[in-house]
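Peer 1: Work the whole structure out from these sequences, hints included.
Protein chains: 2
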Amino acid sequence: MKKIIYKPIGIIHTPFKATKGMPNQPTAGKNVEGFIEIQPEYIEGLSELEGFPHLILIYHFHLSVGYTLRVKPFMHDHLRGVFATRSPRRPNPIGMSVVRLTRVKEGRIYIKDLDITDGTPLLDIKPYIPDDRQKVERIGWLSQRAKHIRKKSVLRSTNTQHDKEE
Amino acid sequence: MKKIIYKPIGIIHTPFKATKGMPNQPTAGKNVEGFIEIQPEYIEGLSELEGFPHLILIYHFHLSVGYTLRVKPFMHDHLRGVFATRSPRRPNPIGMSVVRLTRVKEGRIYIKDLDITDGTPLLDIKPYIPDDRQKVERIGWLSQRAKHIRKKSVLRSTNTQHDKEE
Numbered sequence: 115m116k117k118i119i120y121k122p123i124g125i126i127h128t129p130f131k132a133t134k135g136m137p138n139q140p141t142a143g144k145n146v147e148g149f150i151e152i153q154p155e156y157i158e159g160l161s162e163l164e165g166f167p168h169l170i171l172i173y174h175f176h177l178s179v180g181y182t183l184r185v186k187p188f189m190h191d192h193l194r195g196v197f198a199t200r201s202p203r204r205p206n207p208i209g210m211s212v213v214r215l216t217r218v219k220e221g222r223i224y225i226k227d228l229d230i231t232d233g234t235p236l237l238d239i240k241p242y243i244p245d246d247r248q249k250v251e252r253i254g255w256l257s258q259r260a261k262h263i264r265k266k267s268v269l270r271s272t273n274t275q276h277d278k279e280e
Numbered sequence: 115m116k117k118i119i120y121k122p123i124g125i126i127h128t129p130f131k132a133t134k135g136m137p138n139q140p141t142a143g144k145n146v147e148g149f150i151e152i153q154p155e156y157i158e159g160l161s162e163l164e165g166f167p168h169l170i171l172i173y174h175f176h177l178s179v180g181y182t183l184r185v186k187p188f189m190h191d192h193l194r195g196v197f198a199t200r201s202p203r204r205p206n207p208i209g210m211s212v213v214r215l216t217r218v219k220e221g222r223i224y225i226k227d228l229d230i231t232d233g234t235p236l237l238d239i240k241p242y243i244p245d246d247r248q249k250v251e252r253i254g255w256l257s258q259r260a261k262h263i264r265k266k267s268v269l270r271s272t273n274t275q276h277d278k279e280e
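From first to last, the protein sequence lines stand for chains P and W.
In terms of our numbering, the first sequence opens at residue 115 and continues consecutively.
In terms of our numbering, the second sequence opens at residue 115 and continues consecutively.
Don't read these hints as lab results, they were simulated from the structure.
No incorrect hints appear here.
Note that identical chains are pooled: a pair holds if it fits in a single copy or bridges any two copies.
Calculated pairs, DSS-like style, for lysine-lysine (alpha carbon to alpha carbon, straight line, at most 30 Å):
| # | residue 1 | residue 2 |
| --- | --- | --- |
| 1 | 219 | 116 |
| 2 | 219 | 121 |
| 3 | 219 | 249 |
| 4 | 131 | 116 |
| 5 | 226 | 249 |
| 6 | 186 | 226 |
| 7 | 117 | 226 |
| 8 | 117 | 219 |
| 9 | 186 | 219 |
| 10 | 249 | 144 |
| 11 | 226 | 116 |
| 12 | 144 | 219 |
| 13 | 144 | 131 |
| 14 | 131 | 121 |
Peer 2: Put into structure tokens, the structure is as follows:
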């Protein structure tokens with residue numbers, strides 16, 4: 115199939131440095147603050163963004179190298195199909211996060227609730243709208259988690275690039 | 115910035131043919147059925163996907179040509195920053211939809227609640243997890259819609275490729 119070429123519109127800055135083997139964050143994400151530096155040529159496109167409490171960020175997992183079609187998520191024993199996980203090691207290493215918008219000022223977008231590695235290239239920003247909100251009746255294999263691990267931690271950890279993946 | 119290259123993992127098939135000037139769908143999306151044909155080499159990655167009621171699809175707006183940083187959404191009078199809309203004409207024409215998963219069978223993923231043009235190249239599939247569900251307190255400029263237009267219609271129409279955008 116035909117290749118598709120994109121160009122980053124900015125860089126996401128967060129406190130999560132891309133260090134292999136760093137301790138897993140038990141409360142990763144919630145309230146963590148950072149900002150996006152938008153490339154000057156795209157700043158005009160941010161107009162009226164501030165009216166939305168949440169944004170969808172679509173970004174490139176720049177540290178992800180290669181992929182396997184079955185992955186063993188952090189703290190889980192079984193292999194799962196990569197598309198049933200949020201692992202960064204996927205055929206197209208695209209990440210998606212819903213973050214809280216704090217403020218937009220001079221090409222900087224201040225955001226909260228981050229679980230994204232520092233220096234990540236941003237591809238797109240979309241406003242979070244009611245259609246994006248769905249009832250979550252089941253969470254597939256995630257419900258089989260080890261009973262002593264907090265659900266939140268396991269869910270979050272499927273989305274970070276610094277997770278250990280065996 | 116460095117270019118990023120992706121390769122489609124499959125094609126999304128829907129009843130929405132890409133015809134310019136087709137009537138705007140007032141109830142577009144809800145209950146509309148379609149399927150994704152996954153490329154044979156990625157089928158193994160679909161394992162255990164069926165446990166999730168909703169999927170996040172990330173795809174390429176293949177019919178979108180060029181962009182402007184301010185767009186006039188369908189049925190709205192004012193120009194808005196492109197990142198505050200779901201317009202397909204964006205710097206990186208990436209689409210994101212949350213769809214209902216019906217069934218996975220032999221490399222075909224049957225889905226519902228579609229608002230995607232037929233033939234759209236798919237880049238990634240992710241399970242929809244509780245972290246993706248956010249309270250929507252405000253919907254920015256969308257709340258200033260003409261009073262006789264149903265909210266749902268306006269919201270949906272910001273995401274389709276066959277919308278008229280002046």
